[in-house]
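Chains as they are written, first to last, in the working numbering: chain A, 1 to 366; chain B, 1 to 66; chain C, 1 to 256.
No lab work stands behind these hints: they were computed from the structure.
Owing to the predicted nature of the structure, the values given are computational and were not obtained by experimental measurement.
Fair warning: there could be bad hints in the mix.
Here are the simulated lysine-lysine pairs, DSS-like style, with alpha carbons at most 27 Å apart [claimed, not checked]: (1) C:Lys255 - A:Lys348; (2) C:Lys28 - C:Lys3; (3) C:Lys255 - C:Lys28; (4) B:Lys42 - C:Lys62; (5) C:Lys255 - A:Lys46; (6) C:Lys114 - C:Lys3; (7) C:Lys114 - A:Lys241; (8) A:Lys350 - C:Lys215; (9) C:Lys3 - A:Lys241; (10) C:Lys255 - A:Lys269; (11) C:Lys215 - C:Lys27; (12) C:Lys121 - A:Lys241; (13) A:Lys3 - C:Lys3; (14) C:Lys121 - B:Lys42; (15) B:Lys42 - C:Lys76; (16) C:Lys76 - C:Lys121; (17) C:Lys255 - A:Lys23.
Residues of chain C placed beyond 12 Å of chain A at every Cβ, according to the derived structure [as the list claims (entries may be wrong)]: (18) Leu2; (19) Thr25; (20) Arg60; (21) Ala87; (22) Glu111.
Built from N, CA and C at the ideal position, the CB exists for glycine as well.
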Amino acid sequence: MFKIPSFTQLTDQINSCTDEDIKRSLSAAHLSTHDLAALLSPAADKHLEAMAKRSADITAMRFGRTTQIYAPLYVSSFCTNRCSYCGFSADNKIERRILSLDEAEAEAMILHHRGFNHILLVSGEAPAKLGVDYLEKLALRLRNRFASISIEVQPLSTEEYARLFAAGVTSVAIYQETYDRDIYDRVHIAGRKCDYDFRLETPARAAAGSMREVGIGALLGLADWRAEGLALGLHLAWLRKNFWRTGLTVSFPRLRPAAGEFQPLCEVKERDLSQLIFALRIFDPDVGIILSTREEARYRNGMLGLGPTRYSAGSCTAPGGYSDPDTNGEQFSIGDQRSINEVCAAIKQKGFDPVRKDWDSAFQLQ
Amino acid sequence: MKITCNGETKEITPDTTLVSFIRDMNLNPDTVVAECDGSIIKRDEYDTRILSEGNVLELIRFVGGG
Amino acid sequence: MLKIADRTFRSRLFLGTGKFDSAETLKKAIEASGSEMITVALRRVDLNDPADDIMNVLDRTKYLFLPNTSGARDAKEAARLARLARAAGSGDWLKLEVTPDPRTLLPDPIETLKATEELVKDGFIVLPYINADPVLALRLQDAGAAAVMPLGAPIGTNLGMITRFQVEIIIDQARVPVVVDAGLGAPSDAALAMEIGADAVLVNTAISIAGDPVKMAAAFAQAVEAGRAAYEAGLGKKSSEASASSPLTGLDFIKD
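Let the sequences and hints guide you as you build the complete structure.
Printed below as a string of structure tokens:
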């Protein structure tokens, strides 16, 4: 079982780091979690450019000059959880919709025609309305059109993940949102999501269910971003040790305006997000780093090649929004509104290759 | 009566026990492992196991090694 | 303290007992090394020289016997030797060595994995000897190996840690102790293995063929302690460049 120190301990560790620690961490071949703490510390801010360079070098070595493109497909906005930060919270009065399998397939085909080969199926957490059966059926319909299918839905059991893997789902994204137990309890007011430990163990269950890749993450703006970064590093290291066959990605969505009008509990500036990305890249050279469309085009362009390796594009966070762009009921509003072609053009202009297809469903045995 | 031990033919009298054969070979039964016709013989059966005509015996012990 | 399976060891130097010029030298070298685990092999008794019994100098009460399956060319032969060793009263501990190529004595990864799976199921405490292959090390741990023993260099070559980079990966990923075994030619090689984080080393040839094996055994013991102490103290990292900024990664696109 993955165990994590308290946020106070994590923060203490970060604050105890010296300038010497930071310099050593920047040039180390193998980084310890203490090195990660150093790179996340306030004192590391003045080394940001050196961190950017090191992060860029490592990213180039491991990933080359490529950026993988994917699109989220929201299939349902029904949710039984009440989470203060989320547009889909059960107590928000928004238009709720669940796509039928035909509608979901139609949305997916729009993405397919736009050139996406990697798709992320997203839903609120309402198992009675959208469960494993639905996902299994949808995956079977889509598996031959997409190189990979990821899901970001309610936590499932190992057996359920194994079932979905057999149906063609290859990766699972499940974000702890915040690793700080106190804040977690504060912002998760009702529903199954209140169970911090069950959620924490989900990446392990997905890996045990044979998923090729598991994505973890934290919602920046809830607890102190530095300690979240250290917690993410610890979680990555634990997953690597216990599930060595599973690929890992990490994502740090930053809180954006949402229907519930939740104000972030802490401020996270773009500079902070950059430090977090560089620190995690240096700590874990192989982890995929996702930079979502919550961030603005200017920032996403600037970060190309410096650490992130996966970009979503042309995203819509309301179910049915690809067929009908006027659809209401989005989970969050998009910072980068560009289409896939615009994003790919920007990537190419910076000297990188936008990878629309990496992996092939043909390799996945029936 | 003939048996084979470590690839060599040995002449023994009928009703020879394994332990007496080992001692006849000037070996210490406590540090020798015996395999008879491919099966390992338990040490506590050395004095009750009677050898038969044609038995293929392997006597093995620890030696220096890395 | 080093823990492998259910045993703890104060000494992180294990000794191989082959190639010594005499049983007497071997006995003194073991004492000088402070080792708490020694390897032995199994061979046919030489009926023409029955008195040549290594057990005359080895003391089971002072150190743990780790029988190896040297000579085995496949999993089947290794399993047979394992059971013979257990019948010889050495307990369940086993150094699994499957070496079909007598010239290089390099271990067969496939037969080693097969044998590990079978012998772990049969209750053996298996320590497999392998090339420094990180994925193989992981597969063996998944199969229940109590430790992994990657080589520093092929047996008897005394070339030192030529597999250093892969051994570092193995150490980084390991969930069981890592014992670097084979090829360590000098105490400095053993110190290096310990500095990069190995849990223990096994040395044979370098000690047995030294001019003074007893002194060499003591030297290795000191080297293993020094290397381990350095590792625990946290070696300072070498820094290649200390550049503060680079025009290639201008961060002016960041707004706040």
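(request) Could you tell me which of the numbered hints above are not met by this structure, giving the numbers in increasing order? (result) 3, 8
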